[in-house]
Amino acid sequence: MDILKYIELVFSDYTLRTITLGTAILGAATGMLGSFAVLRKQSLLGDAISHAALPGIALAFLITGAKDSNVLLLGALISGLIGTFWIRGIITKTHIKSDTALGLILSLFFGFGMLLLTFIQKQPNANQAGLDKYLFGQAATLVEKDVWVMALVTGICLIVLLLFWKEFKILLFDADFTKTLGFNTKTIDVLITTFIVLAIVLGLQTVGVVLMSAMLLAPAAAARQWTNSLGKMVFLAAVFGALSGVFGTAVSATQNNLSTGPVIVIIASVFVLVSFVFSPSRGLLFKQIRFIKNRRDLKLNKTLAFMYHIAKTHDNIAHPHTTKILNNFQGFTKGTLQKLVHKNYVTLDGNMWSLTKEGFNAASSLYNQQQSNE
Amino acid sequence: MDQKIAIKVDDLTVAYNYKPVLWDIDLEIPEGVLMAIVGPNGAGKSTLIKSILGILKPIAGSVSIYGKPYEKQRQLVAYVPQKGSVDWDFPTTALDVVMMGTYGSLGWIKRPGQKQKKAALEALEKVGMLPFKNRQISQLSGGQQQRIFLARALVQNASIYFMDEPFQGVDATTEIAIINILKELRKAGKTVIVVHHDLQTVPEYFDWVTFLNVKKIATGPVKDIFNDDNLTKTYGINYKVSIQE
Numbered sequence: 042m043d044i045l046k047y048i049e050l051v052f053s054d055y056t057l058r059t060i061t062l063g064t065a066i067l068g069a070a071t072g073m074l075g076s077f078a079v080l081r082k083q084s085l086l087g088d089a090i091s092h093a094a095l096p097g098i099a100l101a102f103l104i105t106g107a108k109d110s111n112v113l114l115l116g117a118l119i120s121g122l123i124g125t126f127w128i129r130g131i132i133t134k135t136h137i138k139s140d141t142a143l144g145l146i147l148s149l150f151f152g153f154g155m156l157l158l159t160f161i162q163k164q165p166n167a168n169q170a171g172l173d174k175y176l177f178g179q180a181a182t183l184v185e186k187d188v189w190v191m192a193l194v195t196g197i198c199l200i201v202l203l204l205f206w207k208e209f210k211i212l213l214f215d216a217d218f219t220k221t222l223g224f225n226t227k228t229i230d231v232l233i234t235t236f237i238v239l240a241i242v243l244g245l246q247t248v249g250v251v252l253m254s255a256m257l258l259a260p261a262a263a264a265r266q267w268t269n270s271l272g273k274m275v276f277l278a279a280v281f282g283a284l285s286g287v288f289g290t291a292v293s294a295t296q297n298n299l300s301t302g303p304v305i306v307i308i309a310s311v312f313v314l315v316s317f318v319f320s321p322s323r324g325l326l327f328k329q330i331r332f333i334k335n336r337r338d339l340k341l342n343k344t345l346a347f348m349y350h351i352a353k354t355h356d357n358i359a360h361p362h363t364t365k366i367l368n369n370f371q372g373f374t375k376g377t378l379q380k381l382v383h384k385n386y387v388t389l390d391g392n393m394w395s396l397t398k399e400g401f402n403a404a405s406s407l408y409n410q411q412q413s414n415e
Numbered sequence: 066m067d068q069k070i071a072i073k074v075d076d077l078t079v080a081y082n083y084k085p086v087l088w089d090i091d092l093e094i095p096e097g098v099l100m101a102i103v104g105p106n107g108a109g110k111s112t113l114i115k116s117i118l119g120i121l122k123p124i125a126g127s128v129s130i131y132g133k134p135y136e137k138q139r140q141l142v143a144y145v146p147q148k149g150s151v152d153w154d155f156p157t158t159a160l161d162v163v164m165m166g167t168y169g170s171l172g173w174i175k176r177p178g179q180k181q182k183k184a185a186l187e188a189l190e191k192v193g194m195l196p197f198k199n200r201q202i203s204q205l206s207g208g209q210q211q212r213i214f215l216a217r218a219l220v221q222n223a224s225i226y227f228m229d230e231p232f233q234g235v236d237a238t239t240e241i242a243i244i245n246i247l248k249e250l251r252k253a254g255k256t257v258i259v260v261h262h263d264l265q266t267v268p269e270y271f272d273w274v275t276f277l278n279v280k281k282i283a284t285g286p287v288k289d290i291f292n293d294d295n296l297t298k299t300y301g302i303n304y305k306v307s308i309q310e
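Residue numbers (the working numbering), protein chains in the order written: chain A, 42 to 415; chain B, 66 to 310.
By construction, these hints were calculated from the structure, which means they are not laboratory data. Any given hint could be a false lead.
[To be verified] In silico DSS-like pairs for lysine-lysine, Cα to Cα no more than 25 Å straight-line: (1) B:K298 with A:K220; (2) B:K182 with A:K273; (3) B:K180 with A:K207; (4) A:K82 with A:K227; (5) A:K273 with B:K198; (6) B:K73 with A:K207; (7) B:K183 with A:K273; (8) A:K220 with B:K288; (9) B:K180 with A:K138; (10) B:K182 with A:K220; (11) B:K84 with B:K280; (12) A:K207 with B:K182.
Between the sequences and the hints, there should be enough to build the whole structure, so can you do that?
Now the structure itself:
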């Protein structure tokens, strides 16, 4: 299928349109909120929350006997919140460190959830099939109603984010200081955490319990590479998340119906990879390029400085010397000499070099310049 | 001398788990002093400041600022936390961090405007960081980061300033710049309380000192109580300093 045809299909085909819209909104919401999780160094919290939601889904089904996705997600929300506040409780009230608390709650809730799932599967209820789709998600089950719920929650989340932007930012940066200013840090904290839980629960149907945390982290980690402003980071993370959803759906729909959730996660990871390598200020590629360039400049400066010290001892700075006295220890290669000539710092006459006035001045201000650059 | 009492601490006791970190502290800090809190590591210096500011909950005791509980007097108090307490790779600029000092007076939801920005720029100017206002904070040196924190407190325009080791890890130039600003604050009638480590500079920088080692050892004017006796009581070893008169 070519791209144009696919795009046409997205607008005309009801199911595809619903899924594309759903995954895009989901990606935007998780990207936005994921930025806060990443900056609070609570990256793994998302993983714990999504796993903690599983028993809620199973219990909601056992109690109602129906497979209405909104009811199941309400169950997920409740058990996700319980898990989250247990984690917080463990961290603040005991000596157990946060990674241990996260691991404990994650495995406890997930184990209990799996237990309930196998129990449900043994039931004679014909309705039970398909609950396990929440493990890895199944975007194909998204219907218009689900997308509306997603849009509504994302909308509310956006409004809250804009209203309390200042409070969120200062809490993320300096919690103690925020407290001394008179803000109730607990309220802000609960607000952020609740929305993170909400976003995760929304994504369970599409991406599933196991991979959901990647939706939270990947767009945020990618966005951080491109900007040093919190606002831009949150915006970029939302865009990356939404694009992951759209591209992920496209790939999965066109390639033999590959499972959508994992494809979305892989696309999001591609965003991360590209950002890590190609970001101009933080990326590995440009870091390496800067490193090589600096090393080359240093070699050049070393040679120039050496020439300067020799030339200084003569009345005539342009007094010629043989190239034999230059060696590799001073950063000298044929290349650096050619570059110095090219810069008009040095003139060459056979095997003899001499410093120009320009070169002499450049060399004498070499160290001063470095100081003023500091 | 009849001076107003800016901060009064009564019977303050703080414990992490079972071990008391601060034990039955009584403290009266008069208005307009530049005071150092000194004591060995683990003496509870930062804890004392944090308890006064309500960041930590004491298990007993009370604190009052100009006769009223801290919660009612927040606007009068500014705080400079330890530099290492925050993540300097946070995506924000120097100006933005200084603006945070105005958030307290703004209250919930309201955004900072031109007035707050102007105040922040003035504070940046005062600490000599105006040329760096748009710098990402991770690209500032340790001393510059400390100045940004100081500017953030200046923006709060308070009467009382609490500073947790503002001289930690800064070079001599920055240290002089900071102490000059603190002395200016005192001249303007503000009260400044500083957790301090370098005993040699106490007589030169401060006019008031509190010796602390879980219990309060002594508090008063530097010229009266900054002596070998109190230093030995606080640090537990025979301490000799020579104070140039």
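Evaluated hints:
1. B:K298 with A:K220: Violated - the C-alpha atoms of K220 of chain A and K298 of chain B are around 34 Å apart, more than 25 Å.
2. B:K182 with A:K273: Measuring from Cα to Cα gives roughly 20 Å; hence the hint holds.
3. B:K180 with A:K207: Since the Cα atoms of K180 of chain B and K207 of chain A sit roughly 16 Å apart, the hinted pair holds (cutoff 25 Å).
4. A:K82 with A:K227: Judged against 25 Å, a Cα distance of about 17 Å means the pair holds.
5. A:K273 with B:K198: Distance of about 18 Å is within 25 Å: holds.
6. B:K73 with A:K207: Roughly 32 Å separates the two Cα atoms, so the pair is violated.
7. B:K183 with A:K273: holds (23 Å)
8. A:K220 with B:K288: violated (36 Å)
9. B:K180 with A:K138: violated (43 Å)
10. B:K182 with A:K220: holds (22 Å)
11. B:K84 with B:K280: holds (13 Å)
12. A:K207 with B:K182: holds (14 Å)
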